[in-house]
Structures are given as C-alpha cells and as structure tokens.
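4 protein chains.
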Amino acid sequence: MAANSFGKVFRITTFGESHGKGVGAVIDGCPPGIPLSEDDFVSEMARRRPGRTPVDTPRSEPDRVEIFSGVFEGVTVGTPIALFIRNQDVKSAPYEILRRLFRPGHADYTYFKKYGHFDFRGGGRSSARETAARVAAGVIAQKILAPVEIRIAAYTLEMGGIRAEHIDLDAVHKNPFYCPDVAVVDKMGEVLSRAREAGDSIGGIVEVRITGCPAGLGEPVFDKLSADLAKGVMSVGAVKGIEIGAGFGAARLKGSQNNDPITPTGFVTNHAGGILGGISNGDDIVLRAAIKPIPSIMMAQETIDREGRPARLKLEGRFDTSAVPRIVPVLKAMAAIVLVDHYLRSKSLW
Amino acid sequence: MAANSFGKVFRITTFGESHGKGVGAVIDGCPPGIPLSEDDFVSEMARRRPGRTPVDTPRSEPDRVEIFSGVFEGVTVGTPIALFIRNQDVKSAPYEILRRLFRPGHADYTYFKKYGHFDFRGGGRSSARETAARVAAGVIAQKILAPVEIRIAAYTLEMGGIRAEHIDLDAVHKNPFYCPDVAVVDKMGEVLSRAREAGDSIGGIVEVRITGCPAGLGEPVFDKLSADLAKGVMSVGAVKGIEIGAGFGAARLKGSQNNDPITPTGFVTNHAGGILGGISNGDDIVLRAAIKPIPSIMMAQETIDREGRPARLKLEGRFDTSAVPRIVPVLKAMAAIVLVDHYLRSKSLW
Amino acid sequence: MAANSFGKVFRITTFGESHGKGVGAVIDGCPPGIPLSEDDFVSEMARRRPGRTPVDTPRSEPDRVEIFSGVFEGVTVGTPIALFIRNQDVKSAPYEILRRLFRPGHADYTYFKKYGHFDFRGGGRSSARETAARVAAGVIAQKILAPVEIRIAAYTLEMGGIRAEHIDLDAVHKNPFYCPDVAVVDKMGEVLSRAREAGDSIGGIVEVRITGCPAGLGEPVFDKLSADLAKGVMSVGAVKGIEIGAGFGAARLKGSQNNDPITPTGFVTNHAGGILGGISNGDDIVLRAAIKPIPSIMMAQETIDREGRPARLKLEGRFDTSAVPRIVPVLKAMAAIVLVDHYLRSKSLW
Amino acid sequence: MAANSFGKVFRITTFGESHGKGVGAVIDGCPPGIPLSEDDFVSEMARRRPGRTPVDTPRSEPDRVEIFSGVFEGVTVGTPIALFIRNQDVKSAPYEILRRLFRPGHADYTYFKKYGHFDFRGGGRSSARETAARVAAGVIAQKILAPVEIRIAAYTLEMGGIRAEHIDLDAVHKNPFYCPDVAVVDKMGEVLSRAREAGDSIGGIVEVRITGCPAGLGEPVFDKLSADLAKGVMSVGAVKGIEIGAGFGAARLKGSQNNDPITPTGFVTNHAGGILGGISNGDDIVLRAAIKPIPSIMMAQETIDREGRPARLKLEGRFDTSAVPRIVPVLKAMAAIVLVDHYLRSKSLW
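Protein chains in written order, with our numbering: chain Y, 2 to 351; chain F, 2 to 351; chain Z, 2 to 351; chain L, 2 to 351.
Next up, chain Y with everything else stripped away, as it sits in the complex (with noise of 0.2 Å):
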C-alpha cells in the first residue's frame, strides 16, 4: 500500500528505481515564493554523487534535477514540485551473477520475502539511488529555512573508528570524508584506504547540527521533533541508531548533571540537544546516526540463493567502501525536510 511520502504539510513522495529511467519526487506543500532553478541543486547532488573520491564506486550520473513543475519564473508558486534525476550510467551487466544469490549485509533476503522477488539489478527501491530524490527534496526544504536562518550542517564525526575532535564547519566541505576536524581527516583516509585493499568496508558516525531554530517547532505527543527525525534519519538505509543531544551518555548521566540550566540568555548545557518534550528549545538541535559499515565486500561470504542452498559469494566489481561520506547530504536533507514540515506546522493558526 502506499508508503512512499513523508511529511504532513511538507509532503515528498519518491518515485523511481536504481535501474529504470530515473529517480525523482513530488513536494507537496512547498510555500510560494521561494526562488528556485536547476543550479540550485548542483553543488548538494554533487555532495551525494558517488565517484568524488578515489575509493568510491565509478558511477558518476551527473545527477542533473529537472524540475517539471510548481515554478514559474524562477519563483515556486505553492503548486507541487516534481522533480526528475534520470539514470545515466546503467550497466546490469555487472549484477547478473547476483540473480540467485543473497548479499549478506542487503536487503535483497527481506525483499525477497517480502515480494517474491528481489531487483539484483542494484538493489530496486531499495537502493541507495533513491536517496538522491531525497537529496534533490531537502535542497528545496533548506531554501524555505534559509531566510528564516535556519541552518542545517552535517559531517562525519566519526570514520573507521577515527573520531573528529573538533567541530569545524569550515572544514566539511574542504575533504572528502566531510569531516569537520582537518587533524583526522588523513587518518580517516588510511584507514579507508586499509578498509579497502583488504576488500572490507567500515561504517561511522554522522552527526547534523540545526542553528537558528526557533523554540516550539514539534508537537507534545506522537509527532515530537525528536520522534519525526528518528523517522526521516532512521529511514535511510544504512543507519542502525540515532540519539539526540547527549542520547546514550544520558543513560549515564545524573538528573543533577544532565537537566540543562536555564539563565536569562539561555541554556547553560545542551544535553537536550535543543529538544524538550519533543519541542525544540531555541538551543541548537544535534542528533547523531550510527552508519553501519556497507555491507557490499570483496571477501567471500556465507550465503544462500533462493532456493535455500547454501552457497559462497564473492563480489567482483569497485563499491564505496564506507556509505559515511555520501550519506552526509542524505541526512542533512532528511533533517531539512522533517524541520520544514514542523516549520510550517508552527506557522497554523495556533
């Protein structure tokens, strides 16, 4: 059944798969007013593309979005948005060996049970394609936060094991691990490149940090802010974990240490990460996703095909060795989108 939008007033709905013709949404909700062109998605896909470095996959779609509708004149009109990233590079050619077998690691065993059938030309719907129409919505979503200074980073806090000390927006965009921390950024490196040449993959840290949030985005129940970006965040492939502010820490945390003060100009600790009761508290928003290490490796593994037969699997071919990276933009779009939604929300009559 219908299970492909997200969002109440800021609605997306993706469409497309790693293997036809394209991938794309609709935005529906998206206010009037708001200037937008083709350029303005270029530098976030690029962000998401894979092919940026010299250990990632080779397939490089441009990603060019079109936009077939809800703009006119270089201005968005309040009427749906649909927006088209066609496919370029598609070679099944490569996968064919995989139509019996399991990967480990994916979801073409669920899938499989699912539907009585799994797309080994990639991975279908559920390939990480289809996050680039989740890219191409959040660039929209972080134009309607922009003029009202909402701003949404995200980086890698944590590759390999190698953890960024420091918080350096500056830095993100100036390596290819968007990592916020220049003095790890070569030690990432190695262990990628060591991840690599034993044809394993590693996993990490992304954290997404919100400034400029008003307090009183999110509602007290089902739909607090905290639960909507577990949502959006958790419904990205690679992701097995989120927490909010000092989330796991709290657990070890007294009240007495873990209650943020309040002063007259605001909070003394973020422990909340700018969310109380799932509303948000003025403070800046942080949350932090655990990325599983991608389970596409060059090492043989135990499987089964679809008949149940046990079987060994060997992939051949070149993969990301870590989803951290290109995951970056994905959850910064998600954490753009959920905010919107919430935005606009707060803007009803009460």
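Keep in mind that a hint or two might mislead.
Each pair may be met inside one copy or between any two copies, as identical chains are not told apart.
No farther apart than 25 Å at their CA atoms in a straight line, the calculated lysine to aspartate or glutamate pairs in the DMTMM-like style are these [stated by the list, open to error]: (1) K22 <-> E45; (2) K144 <-> D169; (3) K255 <-> D306; (4) K255 <-> D201.
It should be emphasised that the hints constitute simulated quantities derived from the structure, not laboratory data.
Dock chains F, Z and L against chain Y, hints included.
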C-alpha cells in the same frame, strides 16, 4: 493541527491530560474476532503504574481501563475501540508553586514557548500520564500478535550504569526494576537508593526483543520497520536515543564483521537486529532505547520564571527516581503497536 | 483498516455502536481558547434526538455529552477533545426477529457481505446512532466559526414532495420539521402522517446555507471545498445526492445564464453556490442533499435470509417516518466540520 | 499545505500546471504484476484531448504519457509509478489580456483571493489540463480492475437539455459526444452548434456505470464508497452535483417504492445505485454528475479587475462549447481510482 494519532492501518489516537478527567485512546483498525475484556489490561497497566516500589512516587491510581466501544460479547467486532482510564488521585496543590518557574529538563519551557502557556499541574499533555493510554492500546496490539506467535519482551538492560549481563526473560517480572539479570538487581536497587537519598535521579537503557516475527514486515523506503520503531520509541518522553541490532556499535565494525552470514537454517549472527533494508528478516528484532535521568530532582536548580528572570527552583514532594522501570511497558506497547500496524499492512493484497 | 476519521487539520474520529455503551468522538486539532462546556451541546443534541414529534420513534435518550479531555476551566487547551454520549434506552429484544433476515434498503445485506456478520441489534456502526457523535463534534466546529462570523443554517427544503417556497431562518426551529416556510409546515405534517398511517416512509431535501464565509477557503485540486462538502454530506447514511448552487439545474443552463457577473460590490447572482474552482468566493455557500425515504417501513417486503432463501419481512415496532428532520442537524454538523477544517488550513503560513 | 493527493491505499498525487512543462501523476500503491506500457494510455488520453470535434478548442497536444518508474519489462513492480505528459502547445499570448480581469465562472477570482495572484496563463493548477494526469492514473486503475471483471462505463446522459433515452454502451465511442443513444446524437450536435454560434456554452449530465463490482466495497462510516465517489467526482472542476441511484428522485419516493426488494437471484430494482450503507451491494453502481456550462463564452460579461473596478470582458479565441464530452473520461478515471482504492482495501486481512 491534528497530531495525536499514530499508525496507518492499526491507528491509535490518544487523548487526555495528567490532571483532567482521565486519559484514553481510540484504536481504529483492530481486526474483528480478537477476544478482549477489561481484565486483559490489568497486569500491564499495573506494570506502568507508579507506586510499585518504595522509591516511586506514591500517586497510585488503580488505572482501570474501561472499554466504551468495539467489543461485543467479549470479542472485538472491527469497529473503533475506545478505551478510558480515569484519573483518580489528582491533587493540583503541590504543583502550584511551579506556576511561575520552568522546571529544567521538563517540557515546561518549550510548551510555554509553543503555546504561550504550560500546564503547571503536572505536565498536561506532555505528562507521562498520557503513556497509560499507549500501554492500554499496546495490550490490544499484543492480543493480535499472540496468536501468530509474535511476542514482545522488554526489560531494563541498564540503570544508573549497572548493566544486565545475562538476559533471562523469566526474571524480568520478578523484580521491581524489570531487570533480566537477577545477579545485578540488588546493585540496581542500591544505585537507585543512593540517587534518591541524594535527591538526584538516574537514567538507563531499555531493550525490547521481538521474537517470532516473520520475514517481510516493513516497507522499503520511508516506512521502514526500523524507522517506524524509531519514531514510536522516540515519541516517548524520556527517550534520547534508539539503536537496532549492533546499533552504534556497528559504526566501529568492519563489513566483514557486521554482515550476518546467511545459512539454510538462518542467520549466523544478528548484528542487523532482525531488520535488513527496513524489512524484518525473520530473526529476533532487538532494539535499545536510551532513557535520560528523570528531570525532577530534589536539588536546587538554576532556572528562570515566565518573565525571563533568573530564579532557583527546589522541588518538594516525592517523585520517581528513575523513569526506567515504568517506561519498560510503554516501550513494549509502542513496539507492539508498530508491529501490528506492519503486520496488518503485510496482510493486504500484495 | 482505519477508516473512522474525517478531516485533516480539524480531525474527528468517531467510535461506538448503536447498542454498546455509547458513542463518542475525539476531536484532534481544535484550537485552544474556545469556550466550551457540556451545556453547549444540549440544544443541538436535542434537535437530532428522536422522540421530538408524535410520529418519531419513541427511543429518547437524553443524549448528554460528557467532555473527557481537552478543556480546562471552561476553555479548550488545544489538546484532543474526547466526547462521550452514553446509550440509555438499549432494548435489543425488538430486533431479535431480524437476526436472520436482511432489511431491504438497510446496510444489513452489505454489512453481512463485507464482514460475514451484521449487527441485528440496530445497525451497529452503520446505525444513525453514530451521527450523534458527529453532531457533538459539529457543535465544537460551530463554536470555532462563530467568532469569525461564519454561520451555518440547515433546514428542510422539501419533505414528501412538499417544498418550502420561502426561506425564513427564524421559522426553522419553531416547527418540528425544521421547515423554513411556515406556510407549508402543515402540509408537511399531513404528508408525514399519511405515510405513517400507511406504514410507509418519505424522503426529502435538506438545504445547508453558510453565510459569512470569506473568499479563499478550499484547495484547487482534490481538496476542493465542494469536494470535501460532498464527501462529508454523502457520508451520512440516508443521503443519495448532493448539489451546490444551481447544481443539477446548471446542467440545463447556458454559460451566459449560469456565470455569476462580478461587480465591485459582489456577485450579481449565485449559481456557483459560493464556490468557484473549489474555493469559496465570499458569497453564501448553498448546498442541497437528497434524503431517501427511511427504509424501515411497516409494510411486508420481499427479502432473503442469511442462507439466501426467500422470505417476507414485516417490521413491527415504531420507527421514524422520515429521516429528514433529524438529519438536518447532522448535515449542519458535517458542513461545520468541513468548514472549520478548511478555515484552519487557510490560516497556515501560505 | 499538502493537498494534491487522493486515495488511501491506491494513492495518486498529481502535479503540473497548464502552461508549465507538463502535468503528471505519481501512483503509490499499485500492486505488482499489472501489465503496463505507454501505449495503454493512448486511447483514453485521446478521449480527453481537445480538438476532437469541430466545435472544440484546437489546442491539440498528442498527450503522450511517459512512464518514469514502477514498471519493469512491461509489468508493474509495486513501486511508485510516475507518469508525465508534456505540455506541447503552450502559447501564453492569447491570455495576456486577462492579466487584469477575473473571468466570471472561473477560479480566477477565488484563486486571487486565496493566493494573492492567479495564473492568467490558462488557470494554472485549476486548469482542466490537470485532469490529463487523472485520466492517465485512471487507465492504471482500470487495468487493475479489468481482471476481476469490474468495468466502468461513462457517457453523456444529457447535454444542453437533450437527454439519452436508451443506454447503448456500444454507441458511446461512435459519436463525438460519448452519447449512448444514437437517436439523439444529432440533436445534441445541433444544440451545441447553436450555442457555439451564439458565443455561448452548454452544460449536461454525465452518467457513470460500474458493473461487476462485488458486494462489500466501502467502509461503513466516513469512507463510504458513495462518499469517496462523491469527493472524487466533485473534485473535478465543472461538476456542481452528484447523485447515486435514484438520487434526488429518491427524495420524492416512498420507502415502499425506493426500497429494492431482495431475492435469491439479486435485487429486483436498483434505486440504491448499487450502494447500501456506503457499501457496494453487488448490483451495478450508477452515479450521475451535473456539469455546468463552460464559463468561457464569447459574449460580453460584467466583471471587475484586480483593483475591484468594474469592467466588461469579451473573450476572444476559441474555446470548448461544452465541457461534457471531454469530462466523460475524467469522471470514468475518478470512479476507477475510487473503486481500486476500495477494492484493494477490501483485500486486506479483514
């Protein structure tokens, strides 16, 4: 705007405030033919109820659930089931001193910023009292899942830094902390007492384990089973993080370590936590939620009043020292509600 | 699946069966600050109640509305408002003879085909009893609309072929048929009595007139104000048609006749019925609903039993002779609910 | 806010404006395994297309439907289906004179009041152009219904006061008016020509007849099959009324006349129009929609400009003289979309 419902096919809407006539839920989408009586709610409601242990708040409503509709001759008929739980022990007086001050760590401040008022009588809609309605709805969810052998267990994995080393489900309901490891129950009690004596509070980690779930539940894009579980769990007040399977630990694993080998008899390991690509894989679904220390502490705290002037707040009265044990049945309920929703969705035509 | 809610921003969920404990509604999305007490429901509930005229069914619950949540110190607080109306006069006995036979014109047959059973105790969820919850929700909707001068009137335009020639809103509540033309009230009564003596029933037309509605309510595509009014009105059991403005008459007009000329002081005519392109134009919104004759008649009817064998059914007991007067407040409520939903939607950011 | 979607399980979202790049739809919830190619849309799109008869507007895009996703090797795969229809013949010039004046009977005035602007280039989102996307979506709906023998016919029951006396479905597509009665086709043509020569326009009535629908589709309360059909049909621009079965005629029948007797072989009559209590009864579903005369006429009309000053408007160019024939495939599509939605809902677990 309307934001008090959760679920698509099995849809719950909760209502009620902490100090009004009561709280309740309407469950829309419960299949017919499920045996249901008011007695079915007793044991689960008792688990959520305050006043179970010497260190809990003594507010102790019986929390009797009334069924107003949807059941005829002891069996559901497929129509909406309205449940109501009357508030009994409502004394607004102790909270009157809070009329002016925001309690740090509570939703008072954000509520005030959002609505221009806050319910000083115990949190209003943001109160944990609302979760009584969720527990009641969760009982029905579990009654739907039981015949198909999907069973949900929840327990205190960690409290105040004391972690269960063994998971013995039989032990869970034999101690007041719902701890699955008898060997650490006393230590948990000590930590809790010590915090209480200091006027402080402690947090912890709740683990939910779902057994018997068939492969195929969950949708591949936004409505991943993991994403809906994340939203459901994170929509509970004190939760600051959620992880599935290896969770944040996966961020430091290699692909060769994290991938669960597949054999004809099942997965060799369960780093996935029972969910691949957002769809259940037939293995146990395992999730953990980080619970922050309860913000109501007896120690003096820095805060501000409604006019933004600095103030010191020292709460009096008796409060829970940890939300952890009481939140166990709430998270169990939320997991059950999400599971039923996806279970029923999986039973549609395709 | 979940199908008992209506509205997007002002969302009502009804529950309850004709012969259970009662019926009710949860209203999610009512703005805060609306004065509301249980007394506010009395007059409108009385209008829907049976037993008002000698020819009505004597089942006469007081239909007292209880407020369970969402109101504090006489004012709504923005949280869900749960309303409950207990069933009082439940005698299942008279209907026992219907356990086997489908009543022509009722939902017995279709209910049975859909669910494998039907509620012989008076229609269950299909019973007109459910509309009591809608009337209660409509009272709240009207309390929101009143301060902004949007007013809704509903009346019997025609019953048993007798049509009101003049619309005098002051007359409506001074006769038991809610007829706006005192000159035809007696004739309506005669037709009704005659039908009743014959053991037969009659239909009619209810007109709803909304004054004071500003231009701009409604969405241009699917959620046209007209489309939502159509759904709301047609979702009431006995309604078999709805038209807006010139309605079916417009099918025989020329464009030069049907177009409403626009002048600086407003529209010269109102063939549009106050809605153009699905959006309110500031003129009175006028709609008419066709009400079928009540299917419960005292004359012998041809039918079948559950096993499909032919049978003759002769109902005994006392039933309404026409649904028309009692349906007037129900359609008024549905119109108010639709209007509030769109009114609140129009108050969002854009 | 998001308001461009329709349906719950089979959910369509349309996008596109009359003078942008094109219009389209995303269908979310189409089951897998339905054969589908771009050629499948040709005949139905041709029926909606202008320029079929001498009296129609000569704007004549080929209206080729492109499939962007959801189909693999000629068969749907269960993922969202994105359809796109490029606008071809976009000349904004003729409408430039309308930049200042509101066309009576059109949405210009209400659009302006709602959004502060209106799309003088042909109605924008309110344009009938948007219905091309609905017709395309309806083709898919009908492909789902065909194998289960649910068939939908639509035809011009009446135009300009000329009414079909016999319903011969074979005749419908053999005349440009989609009139099911060959005996009145010429008369319809004469009325149409006469109106056109006078610079005027005419309305009519479209009837939709659904055969083969099993009993049991529709929900008992708000989501009655009749209510959803009413919304779907009324959401089409020119529709001012809808009735089911005896419709407004039922208002003047007695219960003894209107009730359809039930026999072992079916209903003796069909005043119910195939729907009882909102649920299909297995008989033909019959509905009629009142179509207003097209508001674009060549005669001078009284109106105002954007500043509210009186003006006279005399349209030039060529317009359809009646919306009736072209609306026939649109209403057929909407009926199909509603039917599929409820058909799929009826296939869920209960």
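Consistency of the hints with the structure:
1. K22 <-> E45: So K22 and E45 pass the 25 Å test inside a copy (21 Å) and across (24 Å) alike.
2. K144 <-> D169: within (23 Å within a copy, 52 Å between copies)
3. K255 <-> D306: Between copies only: 24 Å across chains, 50 Å inside a chain, cut-off 25 Å.
4. K255 <-> D201: Cα proximity of K255 and D201: across copies only (7 Å, versus 40 Å in one copy).
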